[in-house]
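Residue numbers (the working numbering), protein chains in the order written: chain A, 623 to 989; chain B, 623 to 989.
Just so you know, the hints here were simulated from the structure itself, not pulled from any lab data.
Any given hint might turn out to be false.
Note: identical chains are not told apart, hence a pair may lie in one copy or across any two.
[Stated by the list, open to error] Below, computed lysine-lysine pairings styled on DSSO-like, alpha-carbon distance capped at 30 Å:
no., residue 1, residue 2
1, 971, 940
2, 895, 925
3, 821, 925
4, 812, 936
5, 895, 936
6, 953, 812
7, 971, 936
8, 812, 940
9, 953, 821
10, 936, 900
11, 900, 940
12, 953, 900
Just so you know, these numbers come straight off a predicted model, no measurement behind them.
So you can see what is in the structure, the chains are spelled out below.
There are 2 protein chains.
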Amino acid sequence: MSNDSGIRVLVEPLREFCVQVLARLYVPLEDAETTADNLLEADLRGVSSHGVARFRRYVRGLQTGQMIPQPDIRLIHETPATALVDGGGGLGQPVSKRAMRMAIEKARQVGAGFVTVRNSNHFGIAGYYAMLALPHEMIGICTTNSAVLVVPTFGRDAMLGTNPISVAAPAGRERPFVLDMATSTVPRGKLEVYNRMNKPMPLGWATDEVGEASTDAGHVLGNMERLAGGGLLPLGGAGELLSGHKGYGLALLVDILSGVLPGAGYADNIYLKDEAGKPLPTNVGHFFGALRVDGFRPVAEFKATMDDIIRRLKDSAKAVGQERIYIHGEKEYELTDERRANGVLLHPKVMADLQAMVGEFGVPFAH
Amino acid sequence: MSNDSGIRVLVEPLREFCVQVLARLYVPLEDAETTADNLLEADLRGVSSHGVARFRRYVRGLQTGQMIPQPDIRLIHETPATALVDGGGGLGQPVSKRAMRMAIEKARQVGAGFVTVRNSNHFGIAGYYAMLALPHEMIGICTTNSAVLVVPTFGRDAMLGTNPISVAAPAGRERPFVLDMATSTVPRGKLEVYNRMNKPMPLGWATDEVGEASTDAGHVLGNMERLAGGGLLPLGGAGELLSGHKGYGLALLVDILSGVLPGAGYADNIYLKDEAGKPLPTNVGHFFGALRVDGFRPVAEFKATMDDIIRRLKDSAKAVGQERIYIHGEKEYELTDERRANGVLLHPKVMADLQAMVGEFGVPFAH
């Protein structure tokens, strides 16, 4: 979800501020940098919901002990092409970057590498990890499960997360293909936008407390807050008419790869609380993969064909009223170029929250 | 798309008939059996569009030389975890089964195996290949590209196939998870059903010749026949409101994995004809993968968790008016049980066509 307005802040000082706050919370420098890079990447790409807007939650997680600043990350099992890593309950970003690098190294050795992670936390945007494969002339793959928000087809209650899928593939002269999509029709943030505008949602985004498609964003958000039933709909919407069962299938697939395969949390068995209501370790799980392009075909040939398929799609005839056909990742690359030069856009509330941390942690914010 | 009516035919005589007809067309026995098995599996699972209803097209392809009965299947390149296979322009099923078996063998050796195929043809249902991994305690993956029918987001012309994704994962007491989905909202067959019923289609299935969402199935089918513009919509429908760009992204992803990666046809550069209008080799491409479950986690633990996630979903509260939440593959397993006992259901036209082949090929059909 891209922001159209907000306060401009340059990337470097914002990154440095996040790194220093994490360091005050005993996160090792390299891990703090990885975490900050991932958050900034989200803001650069226009996915502000996963950018520094989420930083407070990470800070709180570290303060309450829900996230461990210096976790015991362990390699539990491996084969030449696969591995299972335990994240030790730390921040999601550092263990995820390590796991993706391991997948890349395995792919370098044997052609393909797949690494799953259990006992982790929110890892930011999935595309960040899939894209790590690109400089290695590999196809990068990443999925994660997440907090329960999505209602299965014919169900009433949220049972799955928005469980994103990201795949990145290199191109030649053209920009890489970078798919990074939640398997729900829309993220919760879209409901919040419609609620603020007091505008009816399109049918197909969310259901009410009895499992019927709803246009009332405020009502659905209230239900979600109180766990009163209903939630987001999978890609394809309610029922089977527009194939909501396919989005549900993709969300479940992601939970199998990211949650069941590593032995992490899954379905509604994730982000649990103890009897006193205190959050337990989230036990989020992830799935990372890398495929060497030249394990199949020479890289130069592959890239030339990528350029051709991209041009064919972009140059094909447009629907009436449309001027442009996009390739996945293209809008985000353009936003990144612009924002790297001019700064990312932060919501005033997010900015105020960062300012509050200046005093809280004694870290300057020279923006 | 499941058939609710038709002529009952028992599996064994129908399979034998198909095998014998293919043998008359110089297809080796084992390849003929694989092809017939795949077609029958589609009819058993209720995907009649990919069942023996398609047999005539295979027969014609073999007769015209578009499909080679005894192709020169070659291993072009391999690493421990990857391979590229050239299908030699033969039937899609035999080379696909061989490629999937190769992926499984690679996974047995190093934990993961991925094999792409170029210069192939229509391979039937994707789920057939993904499911081959199940008895090996592996997760099976399969995608293929296909004839151009789907319009990209903001586009006017069909540029991609319905490009299915299938992933199968074993369970314990419960039935396996078998996702097998086209990345379009619906297949062309659904438009044909609505056209026969003279019923308006839901918005989100297809677009007209200027790229606007249409409810007129006959009109859209006519356009598709004449290549006059428009076609099927990706999962999520037209534009971005219900996230049609995600379905478009999945269709493009499948084309990258199945078409670009092996160097097969892709986008509208597939199913080409020569200047006289004669079909050239289709150059369809496929992507097969296998992941050893115990490359990550002990099989017994994985299966117990699969059973638990399946039960949690199935036992969760139902939407008003609904009595059952399904897991992907569940309906198809139930249909298979019933049809294996009582026979598959063939449309009278398909039955008549099979009867015509009795005389054509001198093969008895003892149904």
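Status of the hints after comparison with the structure:
1. When the C-alpha separation of residue 971 and residue 940 is checked against a cutoff of 30 Å, the pair qualifies neither within a copy, at 39 Å, nor between copies, at 38 Å.
2. Proximity of residue 895 and residue 925 under a CA criterion of 30 Å is satisfied inter-copy only: 26 Å between copies versus 48 Å inside one chain copy.
3. Within a single copy, residue 821 and residue 925 get their C-alpha atoms no closer than 44 Å, and across copies no closer than 45 Å, so neither meets the 30 Å cut-off.
4. Taking the shortest alpha-carbon separations for residue 812 and residue 936, both the intra-copy value of 27 Å and the inter-copy value of 28 Å come in at or below 30 Å.
5. In the homo-oligomer, the alpha carbons of residue 895 and residue 936 lie at most 30 Å apart only across protomers (23 Å), although the nearest pairing inside one protomer, at 48 Å, exceeds that limit.
6. Taking identical chains as interchangeable, the C-alpha atoms of residue 953 and residue 812 lie at most 30 Å apart only when both belong to the same chain, with a minimum of 18 Å there against 33 Å between chains.
7. For the homomeric pair residue 971 and residue 936, neither the shortest alpha-carbon distance inside one copy (38 Å) nor that between copies (41 Å) is at most 30 Å.
8. Both within a single protomer and between protomers do residue 812 and residue 940 lie at most 30 Å apart by alpha-carbon distance, with minima of 27 Å and 25 Å respectively.
9. Taking identical chains as interchangeable, the C-alpha atoms of residue 953 and residue 821 lie at most 30 Å apart only when both belong to the same chain, with a minimum of 26 Å there against 38 Å between chains.
10. Taking identical chains as interchangeable, the C-alpha atoms of residue 936 and residue 900 lie at most 30 Å apart only when they sit on different chains, with a minimum of 28 Å there against 50 Å within one chain.
11. When the C-alpha separation of residue 900 and residue 940 is checked against a cutoff of 30 Å, the pair qualifies only between copies, where the shortest distance is 29 Å, while the shortest distance within a copy is 53 Å.
12. Taking identical chains as interchangeable, the C-alpha atoms of residue 953 and residue 900 are never at most 30 Å apart, the minima being 40 Å within one chain and 40 Å between chains.
This entry does not satisfy hints 1, 3, 7, 12, going by the numbered hints stated previously.
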